[in-house]
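For chain W, the structure is supplied; the task is to place chain L on it using the hints.
Chains W and L are the protein sequences, given in the same order.
First residue of the first sequence? That's 1 in this note's numbering, and the numbers climb one at a time after it.
First residue of the second sequence? That's 299 in this note's numbering, and the numbers climb one at a time after it.
It is possible that part of the hints are untrue.
Restricting the straight-line Cα-Cα distance to at most 25 Å, the calculated cross-link-like pairs of lysine to aspartate or glutamate (DMTMM-like) are [said to hold, decoys possible]:
{"hint": "1", "chain 1": "L", "residue 1": "Lys-602", "chain 2": "L", "residue 2": "Glu-397"}
{"hint": "2", "chain 1": "L", "residue 1": "Lys-525", "chain 2": "W", "residue 2": "Asp-71"}
{"hint": "3", "chain 1": "L", "residue 1": "Lys-689", "chain 2": "W", "residue 2": "Glu-80"}
FRET-style restraints, in silico, Cβ to Cβ [as the list claims (entries may be wrong)]:
{"hint": "4", "chain 1": "L", "residue 1": "Asp-686", "chain 2": "W", "residue 2": "Val-256", "range": "44 to 54 Å"}
{"hint": "5", "chain 1": "W", "residue 1": "Ile-108", "chain 2": "L", "residue 2": "Asn-503", "range": "38 to 48 Å"}
{"hint": "6", "chain 1": "L", "residue 1": "Ala-670", "chain 2": "W", "residue 2": "Gly-156", "range": "21 to 31 Å"}
{"hint": "7", "chain 1": "W", "residue 1": "Thr-134", "chain 2": "L", "residue 2": "Trp-398", "range": "31 to 41 Å"}
{"hint": "8", "chain 1": "W", "residue 1": "Gly-156", "chain 2": "L", "residue 2": "Lys-602", "range": "28 to 38 Å"}
{"hint": "9", "chain 1": "W", "residue 1": "Arg-54", "chain 2": "L", "residue 2": "Met-376", "range": "49 to 59 Å"}
What the hints contain is simulated information worked out from the structure, not anything from laboratory work.
All residues carry an ideal CB built from backbone N, CA and C; glycine is no exception.
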Amino acid sequence: MSAAGVARPTGKPATVEGRRGLAVLVLLPFTALVGLFLLAPTVSLLWGSVHSARTGQFTLANYSYLGHPLDLLPFANSVELSLASTALGGLVGLLIAQAIVSSRRPVIQEIATTFSSVAANFAGVPLAFAFIATLGAGGLVTRLFLDAGIDLYNGGFKLYSVLGLTIVYAYWEIPLMVLVMLPPLQAMKPSWREAAEILGASRWQYLRAVAVPILATPVISSLLLLYANAFGAFATAYGLTTGFVSLVPIQISNLVSGDITFDPGQADALAVGLAAIMALCIGGRALLERRSTRWLAR
Amino acid sequence: MANDPLLARIDELGSAFASGQLGRRQFMKTLLGLGLGLPAVAAIIAACSAAATASPAAAGAAAASAAAAAPAASGFDMNALVAAAKSEGSIYQTGIPPEWVNYQAIFDLWKSTYGIPINGTSTEGEYTSAQELDSIKNTGKPDVGDVGIAVAVLGKQQGLTAPYKNSHWADIPDTAKDADGYWCCNYWGAQAFAINTDAVKIPINDWNDLLDPSLKSAVGIDGDPTKANDSFFAVWSAAVANGGSLDNIGPGIDFFNKLLQSGNLTAARANTANVVSGEVKVAIIWDYLGLAYRDKANGAPNIKVTIPASGSLASPYADIVAAKAPHPNAGRLWQELIYSDAGQLLFLGGYAHPIRYAVLNAAGKIPPDVAAKMPAADLYTKVQLVTDVSKITAAETALAAGWKIVVNSQ
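With the rest of the complex left out, here is chain W (with noise of 0.2 Å):
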């Protein structure tokens, strides 16, 4: 930001030193939230996933699961659950963007982010009990499917496993995905799609040539968002299988906290294979934001 100022050869050199000086400032504050509360975790993340708990000395023994095939299980699930849950939230969130956004009606337009605002934030151990309440095995809706003649459970159905899971955590990517979507579908100028109608553009041709290219990006940055935020997910899941279906953040959680399998150097080190995870999604999803905000910021 402050290198774009300083490549400008144009401006005089007592200027360029006293915006320089007032944008260390203006950084400072920001500097130091971001050292304290990322990069001073990200250090001692690092640092204690290569050094044994009990003993202090330098060791990379807590990356042994990386050989492991029942160590990595944990991350297999959490991959496929935030895989899954995130096609299903992007794909459903999007349609439900673009069918709120298409009704030009301001009451549902404002109910519909109202309600997307607060169910992307309704998660953890209520979420968990609103679900054994609807799909449990004793649940409303398992109990109608029941009265209707289908036995969900005995179909293999379960709701304490990958796939309940991947239907619980749908429940606030949806709208996380409606509420992160809404933005760059409102910004789809109608002039665009009358300029290719008038060009001859069909409506197909409008959606590949047109649409398409511009909302590739913000689509595939929010499920990048989507990806990231059903994989560092803990409460829901925990309150739902209680350790059953094992995840990446349960085995943290159970290294930091359980009292028997007490090993806060190997939880590091799970954490530090999550956090990896994590950056590629985040990373990726800032270098697509670049491109697109090319198109939607005006």
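Relative to chain W, chain L alone:
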């Protein structure tokens, strides 16, 4: 206090002595004249003379050593203890919540019998065992506490508990008390099946019944066994009933693996909401929890609590008196109350099996209306009480390794 003329007279004499109006010899003579035994008189005089010269805490400590020196075996005098406790004025508890195992009724009995106020905030009443030890170590306020067995042992090791052998000491199994009196188990719970008989149509009497194909997603435990004590004991009980032992939890892990593979084990936690709503149809939990859930459900659904026929494990709680108790005699009197027939039967009324259960049962002292609400006494004959902390630790370690394989191999 005033409802006991003898105690009122002792109080009166005590204050006269403490303020110097009455000589030591005269005081002692009068007390003996009232019919009190020598140890009691010694305790009272120690308490009162210390009160005259030093802080109340020191008075308590002096009286306590007098009381401790006179345990049940060697001419225990209840009246002296009561008098000494009353002169201390109050008792301070931590980790004794009124809603837990009928403690409210025991508090009421204490107040109506001795009239000594019970202090301690409700937050302190909800303290976990570890917090209780911290409180004893750091605040010096608590006199008595109710702790898990492992913490009781730890408390002795750290010098935080005081020795006291209550007058029913001989009734208590050797494994359930510290040989030197630093802690004593007060009640226990055994692993049981709480069965929703409206939803489950087959009879369930033993562990293998849980594998029946009609029980899909029906069987639940109370949390993650590597974290929660209740479900840890569920796995360990399954071990003991299926060829394992207190030294070998392996068969229990195998049993739960079988249960999981059969599709019968649900991940829904066997808590009140899930059991009462029918989400968990057979809960493997402490008997007292199952009985409390049954009462809560009140017939909707019907819940039956039974002890598995091939046995299960029981885990006791222990009672401690703080080493630095400000009211040591009140603390010891509390012990006398909870180990008395009345106190022990109140635990049973709260569905916890008192440590003197076998003795009380053999003597026919268990009221029929209390017994009718519980699983039959003969079902408990195969229940083993676990008090060996080193075995608990070893089983926990073995479970942590084995359980990961169960969960991750789904």
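Query raised in the report: Of the hints given before, which are not true for this structure?
Result: When the structure is compared with the hints, numbers 3, 4, 5 and 6 turn out to be violated.
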